[in-house]
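Chains as they are written, first to last, in numbering that gives the first Met the number 0: chain R, 0 to 130; chain L, 0 to 554.
Where hints are given, some of them may not hold.
Here are the simulated DSS-like cross-link-like pairs (lysine-lysine), alpha carbons at most 27 Å apart as the crow flies [as the list claims (entries may be wrong)]:
1. Lys73/R - Lys31/R
2. Lys428/L - Lys506/L
3. Lys31/R - Lys348/L
4. Lys348/L - Lys120/R
5. Lys27/R - Lys348/L
6. Lys11/L - Lys143/L
7. Lys62/R - Lys239/L
8. Lys353/L - Lys120/R
9. Lys386/L - Lys376/L
10. Lys120/R - Lys35/R
11. Lys329/L - Lys73/R
12. Lys376/L - Lys120/R
It is worth saying that the hints were derived from the structure and are not from the lab.
Below are the chains, spelled out letter by letter.
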Amino acid sequence: MKPVEGNHPPIRLLLIDDERGFVATLSKRLAKRNVKATQAFSGREGIQILRKADFDVVLLDLKMEDMDGLEVLKIIKIMIPDLPVIMLSGHASEETAHNGMRAGAYDYLTKPYDIQELIDKIASATKSDDE
Amino acid sequence: MKKQMYNSLRLKIIGLTLVVSITPLVLLGMAIYYRFARAHEARIEDQVRHLAESQSYAVDFFLRERISLLAMLADTHGFEKLSQPAALSELFETMNRRSEMLGLIDLGVIDCNGQHTAYVGPYDLKGRDYSNEPWFAEVMAKGKYISDVYMGFRRFPHFIIAVRARNGPQHWILRATTDSDVFNRLVKTAQSGRLGDAFIVNTEGIYQTAPRFQGKILGQSHIDPKNFSHGSTFVERRSKRGATDYFAGDWLNNDKWLMVIRQELRGQTDGLAKTRNTEIMIISLGILAIIMTTIFIAHSVVTHLEETAREMDKLNAQLIQSDKLAALGKMAAGIAHEINNPLAVIGEKAGWMKDLLLEEEFQNSPHLEEYATSLLKIESHVERARKITHNMLGFARRMEPHLDDVDIHQILDQTIELLDNHARINGIKIRKHYHSGVQIIASDQSQMQQVFLNLISNAIDAIESNGLIDVTTQQKNGTIVIRIQDDGPGIPKDQQHRIFDPFFSTKATGRGTGLGLSISYSIVEKLGGTITFESEPGKGTTFIVSLPAVAPEKK
Ligand SMILES: Nc1ncnc2c1ncn2[C@@H]1O[C@H](COP(=O)(O)OP(=O)(O)O)[C@@H](O)[C@H]1O
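Go ahead and model the full structure; you've got the sequences and the hints to work with.
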């Protein structure tokens with residue numbers, strides 16, 4: 000297990016996904032890797048949380064019941080343009096991914112994925128954010 | 000049924016165009032011909048009228064000349080002298096000697112009582128009494144007289160000219176008989192052309208001179224003199240059997256004789272007929288040209304239409320097909336997505352468990368090893384499932400047929416990956432021999448994948464179990480060659496010519512449709528390539544797909 004960065008304060012991550020079992024487990028696994036995940040189970044909830052607290056990175060599922068992930072992404076990009084957003088998708092469609100990238104996403108990952116891949120992307124997203 | 004529609008369309012176009020273009024042409028032609036014919040008729044009418052006028056003038060002149068001559072003789076010689084036969088005969092001889100064309104046959108002197116006192120001529124008429132003849136009264140009253148032609152005592156057609164002269168208080172008459180021949184000849188000089196006629200009729204329509212056709216002197220003519228007004232030249236037209244007769248009639252000065260000129264249009268109208276024929280020929284040529292052009296245009300328009308419709312049909316069929324594929328693709332994508340989510344949860348859970356295993360309490364568990372391997376198994380199977388769904392998604396994405404940048408190796412990889420599991424279970428190994436020089440080409444991803452899927456699964460089916468499939472790629476001279484070689488039973492010689500036929504299958508019902516190779520064949524053909532095979536029964540089969548290495552367009 001490789002935490003993100005030694006003894007730095009944990010990375011604050013907002014996880015927006017309506018798959019509850021997935022969100023819960025992923026949060027626990029991220030916690031073990033020095034990433035503090037705040038859970039949001041819908042696009043709306045995620046946006047509300049974003050209003051109240053600061054985050055270093057957002058992990059956003061592209062397909063949710065209440066709102067299209069792309070819409071959420073656009074709103075986030077308007078609210079906090081600098082906040083890196085990594086998209087998660089069960090949809091391997093490159094087109095969707097391209098649309099996300101065009102809308103300002105930092106990167107994308109298709110489900111299921113390897114945890115290390117995710118950690119690497121989070122690390123690079125926050126690092127480039129720091130700079 | 001469609002053929003019929005196009006044929007009727009073709010006929011409609013031809014019919015309409017012909018009617019619209021030929022009708023005015025024919026009407027115009029007719030109008031021109033009519034005008035021309037009218038002008039021609041008018042000219043002929045003018046001609047006959049003119050002829051009648053001048054001829055009647057000539058005849059009048061002839062008669063007047065003779066009347067003047069008689070009158071002059073009567074006045075200069077006097078009754079006393081002329082009533083002596085010897086003197087009369089001498090005068091007659093001198094007269095005829097001087098002019099042969101005078102046309103006078105005899106000469107007679109009649110006194111105021113109608114007694115033929117002197118006569119010179121071939122007949123024995125001396126001493127006849129004319130006092131009761133109607134002309135005697137007339138000449139006595141009017142001073143001059145010209146009779147109708149009649150047979151008279153002389154038994155041949157003639158007419159007489161008589162003038163009254165004065166002998167003191169007494170009147171006497173000098174009378175001459177006119178030679179019909181000379182007179183006839185004069186009248187006939189106006190006969191023109193092959194069919195023209197000139198004659199004189201009296202007020203009853205009796206021929207006074209011999210007509211050229213239809214009738215004899217003193218016979219009844221077809222002319223009704225009442226139709227011809229006095230004082231002007233009238234032209235009567237009579238048409239029968241395509242020919243028109245023109246009768247121009249001009250009354251002579253005596254108002255008793257009508258000079259008639261007859262002209263038949265047919266005879267003199269070679270010019271008109273020629274003009275008409277030329278016109279008919281020109282118009283016919285025009286019509287022929289119009290008909291040909293119309294047929295040609297209608298034909299090409301309808302053919303073009305037919306082709307367009309056929310292309311539309313084809314396009315529609317393709318659209319329906321691609322609609323179907325798109326729907327299928329959407330469904331596949333939906334399913335893949337639905338499976339991916341639970342897969343992600345499973346992967347996550349397994350990952351969490353792996354994380355937990357690192358904690359101290361588990362490190363000491365006697366079953367740690369087993370847990371760890373089980374979790375690895377779960378993860379590897381999640382990975383396998385993920386690959387399948389990703390392939391499905393990739394496949395779905397490529398359902399829409401269009402030319403895109405195709406990496407043959409990538410398609411082969413994906414296809415093989417889809418089939419690898421099935422092959423492995425049956426102990427079949429698929430080996431790849433890729434040539435690095437194979438370029439990216441412009442082609443249809445999903446269709447190419449379908450072709451390879453068909454060929455490789457056929458190979459797997461043929462081998463059944465335990466065997467080798469070699470997938471080889473090559474590129475040379477602008478052609479990419481993909482060989483799929485199996486070591487299966489091969490194709491029996493007597494079946495080799497049939498395997499590309501639709502519905503030809505040797506597989507059990509429900510397992511083979513017999514469509515795979517025929518579809519592959521048409522796909523490859525459509526993409527500009529070829530598909531062939533080499534097969535040796537007992538040794539195996541190789542399918543060879545050749546594709547043109549068409550570079551994709553720069554975007
Ligand atoms: N690699 C091969 N080896 C031997 N026979 C083959 C091979 N590929 C095709 N065939 C023969 O060609 C037939 C037609 O194939 P295909 O058109 O793909 O229909 P299907 O696979 O549904 O039977 C097969 O039934 C089989 O007999």
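Verification of the supplied hints:
no. : hint                : result
1   : Lys73/R - Lys31/R   : violated (30 Å)
2   : Lys428/L - Lys506/L : holds (22 Å)
3   : Lys31/R - Lys348/L  : holds (14 Å)
4   : Lys348/L - Lys120/R : holds (20 Å)
5   : Lys27/R - Lys348/L  : holds (10 Å)
6   : Lys11/L - Lys143/L  : violated (81 Å)
7   : Lys62/R - Lys239/L  : violated (102 Å)
8   : Lys353/L - Lys120/R : holds (21 Å)
9   : Lys386/L - Lys376/L : holds (15 Å)
10  : Lys120/R - Lys35/R  : holds (15 Å)
11  : Lys329/L - Lys73/R  : holds (25 Å)
12  : Lys376/L - Lys120/R : holds (25 Å)
Violated hints, in rising order: 1, 6, 7; the structure is consistent with all others.
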